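Given next are the chains, with one letter for each unit.
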Amino acid sequence: MHELAITESLVAAVAERLPDQRISCVRLEIGALSGVVADSLRFCFDLVTEGTSLEGASLEIDEPAGLCHCRACGTDFEPDWPIVLCPCGSAEATVVAGQDLRITSVQVA
Amino acid sequence: MCGTCGCSSDAVLTVLVPGEAPGHSHDEQHSHDEQHSHDEPTEHDHRQHVSAGGGRTVMLQQKVLAKNDDLASANRHWLAERGILAINLMSSPGSGKTTLLERTARDLADVVPITVIEGDQETALDAERIQAAGSRVVQINTGAGCHLDADMVARSLAELNPPAGSIVVIENVGNLVCPALFDLGETARVVLASVTEGADKPRKYPHMFRLADLVVLNKTDLLPYVEFDVQRYAADLRQLAPKAALMQLSATTGDGLRHWYEWLRAQI
Chain G
2 MHELAITESL VAAVAERLPD QRISCVRLEI GALSGVVADS LRFCFDLVTE GTSLEGASLE
62 IDEPAGLCHC RACGTDFEPD WPIVLCPCGS AEATVVAGQD LRITSVQVA
Chain Y
60 MCGTCGCSSD AVLTVLVPGE APGHSHDEQH SHDEQHSHDE PTEHDHRQHV SAGGGRTVML
120 QQKVLAKNDD LASANRHWLA ERGILAINLM SSPGSGKTTL LERTARDLAD VVPITVIEGD
180 QETALDAERI QAAGSRVVQI NTGAGCHLDA DMVARSLAEL NPPAGSIVVI ENVGNLVCPA
240 LFDLGETARV VLASVTEGAD KPRKYPHMFR LADLVVLNKT DLLPYVEFDV QRYAADLRQL
300 APKAALMQLS ATTGDGLRHW YEWLRAQI
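Chains as they are written, first to last, in our numbering: chain G, 2 to 110; chain Y, 60 to 327.
Don't read these hints as lab results, they were simulated from the structure.
These figures come from a predicted structure and were not determined experimentally.
Hints may contain errors.
No more than 25 Å apart at the CA atoms, straight line, and that leaves these computed lysine to any residue pairs for SDA-like [what the hints assert, rightly or not]:
id, chain 1, residue 1, chain 2, residue 2
1, Y, K122, Y, V232
2, Y, K122, G, S91
3, Y, K263, Y, Q307
4, Y, K302, G, D101
5, Y, K263, G, Q22
6, Y, K302, Y, G233
7, Y, K122, G, S106
8, Y, K302, G, C89
9, Y, K122, Y, A133
10, Y, K302, G, T95
11, Y, K263, Y, A217
12, Y, K122, G, T95
13, Y, K263, Y, P301
14, Y, K302, G, S106
15, Y, K263, Y, Q298
16, Y, K263, Y, P283
17, Y, K302, G, L68
18, Y, K263, Y, R291
19, Y, K122, Y, H266
20, Y, K302, G, L60
21, Y, K263, Y, N220
22, Y, K122, G, C89
23, Y, K122, G, P65
24, Y, K263, G, D81
Bound conformation, chain G alone (with noise of 0.2 Å):
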């Protein structure tokens, strides 16, 4: 369950970077290919903030859609995960997005 460790960081980034300052939401981006499920996170969130300056917080979850780019075609496709193959045919192509787990912003109360 990683998602305990991904929370305690998530939490301890934003006490890092705010500290002494009451936080009352936080909007993530949790790619669909990033490997962490948003609803274990959510199960963890409440855990792991309380007693910190999060404690009651409201999380917020964005999950866009991976999305990989064809270099042998040069399209943009969305993958069927987990397995990276353009329509084309060809499996020589990169995510370039949806793997992102990223603090986008937080609410101070």
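Starting from the known structure of chain G, fit chain Y onto it as the hints suggest.
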């Protein structure tokens, strides 16, 4: 958890040296030295907006695992400066990671120095096996933790102090899920699989296999006794991780081990 940065400093490190009695443990808070700095990164722009609710919105645009990624970069730099090959060895429990490392430590003892970082939730059983095989080893007990992180590896490297030009193998916690997400600063990622686990693992655990530089299929001596379609496995892996090399061996009988040793030499 480290109160300053959230890294998992409650992991316990034990150092074992060949020929010596069981080593010392480090479970105190780690020092926050220059390699593990908590200085505020300056590249971020704290853009602020006043929201309709009266509160202030602060744009962060920060990776959640930025701290781990920064530490991993520091580890990678530290290793590269010394010409050290660091392997992040990952697998499910029981695939034969420690058996492969015991063989490797013994067979390459006169070729290249090998040190090992062992990750397990509890016990120093694996470290004792590696110590008996002649290598210096640090055992990390993660407690409840399901993976190693870059901070644990940084502390272990400081304890091990591996020589320049050597090989460090980081035996991650046996788990095909969580270790995939945490960069340790390794030079290469190796996934060990065994024929007794079944051939469907790459498709079931794609995050782990997608990032592998090498997949080693172990326990091939058991192929006559289990249903395992090697061709199908290789095809699935190629589709998922086109760049990952695949080799077959038996760490128990020694069959195919020379491919593993050749691969290691080619990475140094």
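Okay, the hints, checked on the actual structure:
Among the hinted pairs, K122(Y) with V232(Y) is consistent with the structure: their alpha-carbon atoms are about 24 Å apart, no more than 25 Å. The straight-line distance between the Cα atoms of K122(Y) and S91(G) is roughly 30 Å, outside the 25 Å bound, and the hint therefore fails. Taken as a hint, the K263(Y) and Q307(Y) pair is honoured in the structure, with Cα atoms around 20 Å apart against an allowance of 25 Å. Between K302(Y) and D101(G) the alpha-carbon distance is near 22 Å, which keeps this suggested pair within the 25 Å criterion.
For the suggested pair K263(Y) and Q22(G), the alpha carbons sit about 42 Å apart, so the restraint of at most 25 Å is broken. A distance of roughly 23 Å separates the Cα atoms of K302(Y) and G233(Y); the hinted pair therefore holds under the 25 Å criterion. For the hint linking K122(Y) to S106(G), the alpha-carbon distance of about 11 Å falls within 25 Å, and the restraint holds. In summary, the hint linking K302(Y) to C89(G) is supported, as the alpha carbons are separated by about 19 Å, within the 25 Å threshold.
Proximity of K122(Y) to A133(Y) is assessed by CA-CA distance (about 17 Å); at most 25 Å being required, the pair is judged to hold. Restraint check for K302(Y) and T95(G): satisfied, since their Cα atoms lie roughly 12 Å apart, inside the 25 Å limit. For the hint pairing K263(Y) with A217(Y), the CA-to-CA distance comes to about 36 Å; that exceeds 25 Å, so the pair is violated. Annotation: proposed proximity of K122(Y) to T95(G) holds, straight-line Cα distance about 20 Å (limit 25 Å).
A C-alpha spacing of about 17 Å is found between K263(Y) and P301(Y), which places the hinted pair at or below 25 Å, so the restraint holds. For the given pair, K302(Y) sits about 36 Å from S106(G) by alpha-carbon distance, which is inconsistent with the 25 Å threshold. Between K263(Y) and Q298(Y) the CA atoms are separated by roughly 13 Å; this keeps the pair inside 25 Å, and the hint holds. Taken as a hint, the K263(Y) and P283(Y) pair is honoured in the structure, with Cα atoms around 24 Å apart against an allowance of 25 Å.
For the hint linking K302(Y) to L68(G), the alpha-carbon distance of about 20 Å falls within 25 Å, and the restraint holds. At most 25 Å may separate the alpha-carbon atoms for a hinted pair to count; K263(Y) and R291(Y) meet this at roughly 14 Å. At roughly 18 Å between alpha-carbon atoms, K122(Y) and H266(Y) fall within 25 Å of each other, so this suggested pair holds. Between K302(Y) and L60(G) the alpha-carbon distance is near 38 Å, which puts this suggested pair outside the 25 Å criterion.
Under the criterion of a C-alpha separation no larger than 25 Å, the hint pairing K263(Y) with N220(Y) is inconsistent with the structure, at around 37 Å. Note on K122(Y) and C89(G): the hinted pairing is violated, with a Cα-Cα distance of about 33 Å set against a maximum of 25 Å. A C-alpha spacing of about 15 Å is found between K122(Y) and P65(G), which places the hinted pair at or below 25 Å, so the restraint holds. The suggested pairing of K263(Y) with D81(G) holds, with an alpha-carbon distance near 14 Å, which does not exceed 25 Å.
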